[in-house]
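Undergrad: Put the complex together from the two separate chains, hints included.
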Amino acid sequence: MSPLLAAAESDFDPQHEFLLEEWIPLHLGPLDLSVNKAVVYIWLGGIATILLGIWLMRFGLSLRPDRRQTTGEAVYDLVQSQIAESSIPTKALHIWFPYVASLFLFIWVLNIIGFVPLPISNDTFDLFGVELPTLGIYAATANLSVTLALALITFFATHVEGIRYNGPTRYFKSWIPEGAPKPLLGLIVPLEVISQFMRLISLSVRLFANMLAGHMLILVMLGLIFIFSAWWLVPFSIGFGTVIYLFEVGIVVTIQAFVFALLSGIYIGGAIEPEH
Amino acid sequence: MEDALLQAFLFAQETAEEDEGSLIDVVPGLMVWTFVTFLIVFWVLRRFAFGRIQGLIDQRRDRIREALDEADKARSEARELRDRIAQERQQAKMEREQILEDSRRQAQRQLEQGRERADADLRERLEKNREELDAENARLREQIRRDVVELTLLASEKVTGKVLDEDDQRRLIEETIEEVDVKRLASEN
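Protein chains in written order, with this note's numbering: chain P, 3 to 278; chain E, 723 to 911.
Next up, chain E with everything else stripped away, as it sits in the complex (with noise of 0.2 Å):
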């Protein structure tokens, strides 16, 4: 390549000193239109080509920028929502957890509850049928030692053949309950 630019210089030079030095001669004229016409090319392009792409460019760029932007407020407000999302999630597991533990609590306050009323119902019952069962047994004693006492009276005034004044039969019927067991008597039954 060096060889050829080399070849080319040689070849300007000999080209200027046989024709009017038509390539490596300064030609001023040449140089004038050279500098007007550049001067033209870069006022248009300056003017009408470069700030309208740049300005595009920029366009774009600021798009590009907001874009980015929203893509990380978007990014960080999905973070939030997850964040907050979990959090409600970890509060709600709290709030089940701790329902599920009231209700459980509830369940066994009410079941022991349940089983003191039964306990207090049963033993009450138990008392009431103990009441009724001495009550019961108490006038079947009554009703045996009237029996007793009538059927003793009876035969007594059968034995003697006489009617028993009020004294002797108070007298007999005393002995006659402390010679019986009434109790016995009224078990039997």
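Next up, chain P with everything else stripped away, as it sits in the complex (with noise of 0.2 Å):
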């Protein structure tokens, strides 16, 4: 066994990426808002996401577009035609289409953002006496925190939008299918109340898991050079990881974001139109 990779064996933990070290204290009364990697990776995809969202959708716009602008467009399209239109109803459309818009971005961005090394890590390392920190991948959608706070804000939508659309007897009238026997009743409105959270949880372990899966196994891929401490696995590894990189930057991030924001807006299209 090489020195080098004994001693890299004893440091590799794939854990480790994922630790959330408090790097600013910040702390509000009993809530913690402490920065820490996953807060600064938000604010990172947060500004991204508007810097893209701008640079594509808002400058330099013309009647006859630029490469600039028809991927603007076509983005634009995608979620007004793919996601919005066929899940929300057109009296909702000018109040959530920008919603799940939003979101499909902010996700999209976020799951990219975790698949680009970033100087943005809990270790360093020294370079001719200056201590600087070590690239890495970390998605902020890996976290569940994240992706339930987000699940969250569907969550609530889609009832406040049930309540204010249909009142609250007709809205949670709807949850109870149609020409079911009373006598089931007492069985069916608890598992349909348990349904609508478990929305709540589905939508939010989706993608946290899928995201998280997709980092495991690119850091799996290249740890096994260093669990199995041998040389000849180094071609292996990192072919499946660049096999496994491509397939998450291509498809996993893109499928991940579509479906959060399509599913926000069947949830929400559902609750104002509860008969369609």
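Errors might be hidden in some of the hints.
According to the in silico footprint, chain E covers these stretches of chain P (three or more CB under 8 Å from chain E) [said to hold, decoys possible]:
| id | segment |
| --- | --- |
| 1 | 42-49 |
| 2 | 138-151 |
| 3 | 184-195 |
Just some of the chain E residues that point at chain P, by a computed CB distance under 7 Å [to be verified]:
| id | residue |
| --- | --- |
| 4 | Ile746 |
| 5 | Leu752 |
| 6 | Thr756 |
| 7 | Phe770 |
| 8 | Ile775 |
| 9 | Ala808 |
Residues of chain P clear of chain E, computed beta-carbon distances all greater than 12 Å [to be verified]:
| id | residue |
| --- | --- |
| 10 | Ser36 |
| 11 | Ile56 |
| 12 | Glu75 |
| 13 | Asp79 |
| 14 | Gln82 |
| 15 | Phe99 |
| 16 | Phe117 |
| 17 | Val118 |
| 18 | Ile122 |
| 19 | Phe127 |
| 20 | Leu134 |
| 21 | Ile165 |
| 22 | Arg166 |
Note that these hints are calculated values from the structure, not bench results. Note that beta-carbon positions come from the ideal geometry of N, C-alpha and C, so glycine has one too.
TA: See the structure below:
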């Protein structure tokens, strides 16, 4: 075994990438708002989303679009036709289209940033006497708190809109399937209530688990080199790791953002018009 | 993929158990940051990005609709123009045929009139010639008759040796005229 690999083996721990150390302590009463790696990634994602959205959809627009504007319009059209219009009733589109569009872009950017090696890390390395943060990949969406927060917005929006458009009685009645036998209502009602909360869990866990799995697979593939302490594994590990990386960046990132935004639209649209 | 998800979840659980639950434990502070950041993103994009591009798309849609309307209008006008031209051509063709027919008829009429005039003229000329011939015949006949009378009188005076009086001359002239075929003499002359 190479001494370098042996040394690395003792240091390698894929879980380490997901630890959230407190970088800037910030406490508001019982609420811990301390800045950590996930918060920085969220800020970065927020800024990048805003810049991307404004760059693609605001400046230098003309009736004869260039490549940048065409991309912006394609993204806009994708969200409008494939997500918003297929899930949200027309009467509520003006309110909820910007929401699902922002959700899609925000999650997509957070996912993509998660696969860009950035010097935002707990670890540092020495370069000519200067301590620099090591490059690492981390996705804020691979954290359940982040995805749960986004899912909670959809959850509350769903029920607020359901009550606003239908009134509380009609809305909550719409949870019960038509023609359900009365003796079974005692069983059906709790199930339906639970199913509403399960939506919250499924929405948040789906995105979180997918992103976490992608990162884990890549880290584990690279970690095999250190786990087995063998140089001959390098081509296989890097090869498979690259394949998984490309698969994640090329497909999973977009699909997960799309699914989250689409399900949000479907839940909100379904609450506004429960009969559909 | 499902295995990977399961592994990820188990891994997250392990991490949670071993490392103060940073993955599947709900961290309210992180949720607040997520919520606040997303709301800012939502507000900025809604205010500065989506409205602008939607406006442009609407504007382009209007332009395309106008262009299509104009194209429809132009097509309709072209169709009307084509119909009108076809109608005018048809009318011009009919007028041309009418003119040709009129010309043909007029030419025919003029031809007939010319022929009639020529016939009439010919008839008139023939009549005139005939009258002139008749007049000439009459004049010649009268001339012959006078010559015959004079010759007869002259011959009679030579034969009888005396001068005939007026009654004898008249009687002799009448007898001579009755005997001489003046018409035949005139035709021989």
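Undergrad: Where does the structure disagree with the numbered hints, that is, which hint numbers, in rising order?
TA: 3, 9, 10, 11, 12, 13, 14, 15
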